[in-house]
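Residue numbers (this note's numbering), protein chains in the order written: chain A, 1 to 115; chain B, 116 to 228.
Bear in mind the hints are in silico, worked out from the structure with no lab data behind them. Keep in mind it's a predicted model, so treat the numbers as computed, not measured. By construction, the Cβ of each residue, glycine as well, lies at the ideal position given by its N, Cα and C atoms. Possibly wrong hints are sitting among the right ones.
[Stated by the list, open to error] A few chain B residues facing chain A, derived, Cβ under 7 angstroms:
| id | residue |
| --- | --- |
| 1 | Phe-125 |
| 2 | Gln-126 |
| 3 | Val-127 |
| 4 | Ala-139 |
| 5 | Met-142 |
| 6 | Asn-143 |
| 7 | Asp-153 |
| 8 | Gly-157 |
| 9 | Pro-176 |
| 10 | Tyr-179 |
| 11 | Gly-222 |
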Amino acid sequence: KQEVTQIPAALSVPEGENLVLNCSFTDSAIYNLQWFRQDPGKGLTSLLLIQSSQREQTSGRLNASLDKSSGRSTLYIAASQPGDSATYLCAVGRSGSSNTGKLIFGQGTTLQVKP
Amino acid sequence: NAGVTQTPKFQVLKTGQSMTLQCAQDMNHEYMSWYRQDPGMGLRLIHYSVGAGITDQGEVPNGYNVSRSTTEDFPLRLLSAAPSQTSVYFCASSYMGQVNEQYFGPGTRLTVT
């Protein structure tokens with residue numbers, strides 16, 4: 001059974017710091033991996049999607065990497081800003097000949113960036 | 116595009132009442148799903164659909180029904196609400212295929228007393 005773990009559960013950093021959020025998964029036969037952002041009381045906003053054949057994706061100050069062999073993904077945030085404060089979730093899409101899109105979520109890392 | 120929309124935003128039910136949470140998407144996505152989010156449990160899949168007329172159970176389907184009569188709509192029905200169904204419910208949609216980035220609605224916060 002696929003399990004997704006995110007460590008740490010919470011992180012507080014001063015503004016301007018570069019930081020890394022970690023996501024690990026137990027079954028390397030994944031279809032893709034998606035990082036989301038969730039603000040308090042809001043829905044999930046997709047940040048980056050990495051297909052199983054890719055090793056990384058970049059969007060602005062965000063860079064996500066994927067290492068299927070070790071069962072790990074990292075989300076790198078450069079030059080963090082107070083507006084980056086939110087909960088970050090990673091989710092793994094299952095592998096299979098017919099992808100049904102089911103995602104297994106980690107429990108998230110809550111990030112606070114202090115001015 | 117409105118993306119994925121959900122109604123209502125908030126709902127309070129009494130134990131035993133029934134209701135339907137609405138979800139609609141205007142992106143012509145084949146795949147739609149319902150998740151619930153609970154503190155300490157993360158997001159868990161309730162039901163999903165890979166196209167009109169096709170639905171299947173996820174991880175926590177008990178107490179919920181779904182149907183998919185059109186590509187756009189995927190309602191979630193609570194048959195007889197229980198306090199254990201107090202949660203935040205999210206609907207999501209995506210294309211089928213390799214690049215199936217999932218898009219989530221804003222959520223419905225449900226309280227069952």
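Checked hints:
no.: 1; hint: Phe-125; verdict: violated, 11 angstroms
no.: 2; hint: Gln-126; verdict: violated, 15 angstroms
no.: 3; hint: Val-127; verdict: violated, 16 angstroms
no.: 4; hint: Ala-139; verdict: violated, 14 angstroms
no.: 5; hint: Met-142; verdict: violated, 13 angstroms
no.: 6; hint: Asn-143; verdict: violated, 15 angstroms
no.: 7; hint: Asp-153; verdict: violated, 10 angstroms
no.: 8; hint: Gly-157; verdict: holds, 4 angstroms
no.: 9; hint: Pro-176; verdict: violated, 13 angstroms
no.: 10; hint: Tyr-179; verdict: violated, 16 angstroms
no.: 11; hint: Gly-222; verdict: holds, 5 angstroms
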